[in-house]
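Asks: Based on the hints, put chain B in the right spot on chain A.
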Amino acid sequence: GENVEQHPSTLSVQEGDSAVIKCTYSDSASNYFPWYKQELGKGPQLIIDIRSNVGEKKDQRIAVTLNKTAKHFSLHITETQPEDSAVYFCAAEHYNTDKLIFGTGTRLQVFP
Amino acid sequence: DTEVTQTPKHLVMGMTNKKSLKCEQHMGHRAMYWYKQKAKKPPELMFVYSYEKLSINESVPSRFSPECPNSSLLNLHLHALQPEDSALYLCASSQGEGTGAQETQYFGPGTRLLVL
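If you read the sequences in order, they're chains A and B.
Under the numbering used here, the first sequence is numbered contiguously, ending at residue 112.
Under the numbering used here, the second sequence is numbered contiguously, ending at residue 1116.
Derived from the structure by calculation, the hints contain no laboratory data.
Each residue gets a CB set at the ideal place from its N, CA and C atoms; glycine is no exception.
No false leads were slipped in.
Which bits of chain B does chain A cover? Going by a derived footprint, with three or more residues having C-beta under 8 Å, they are: (1) 1029 to 1042; (2) 1049 to 1061; (3) 1102 to 1116.
Isolated chain A, as found in the complex (with noise of 0.2 Å):
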């Protein structure tokens, strides 16, 4: 089945500074691939997602892109700021499945 890896899994930067965070995935044939937001206390929210067919999106300051044949995607946030520190995860689906598989998350904090 499908595995996804993300690291790291904390990082810590200075507000407006860029963060980056990297996830890779087991299976070729996951064709979607959505990132979470969790803060303290709360459910994932989506921030942006990638389908396989898109190399590269970018909603205002947060960024991700995907390299099908390396079955590896990331996210890009810039110019960070303290409201962007989360957890933040990964997900693979694959294009045959209602399936989503979370990476481990990763512990942004942003410091003022």
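Replies: Structure of chain B alone, referenced to chain A:
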């Protein structure tokens, strides 16, 4: 509105109790999900309902019993739980256009369960 609501927010129960978790969405979604999340871990899928029918059961112990009374509601009935079942239980929903439709799953805030 992309809101999924869950009740209760917190639940403490003994190992002999029977309780239920409830989830509701009014987005017209036809797929609903239960996930279990342990501390500092990612969510793990338990069950998927599609058009009120159970479509995926990830080999969850029978002490967890899901129910989908209608397209807006999802319940998780709990009976004879163990302390290791203590976790955050998350509900999610998606449009339900069909398997492999690559749909966004919208999560509720979760119910934090403690089994004593």
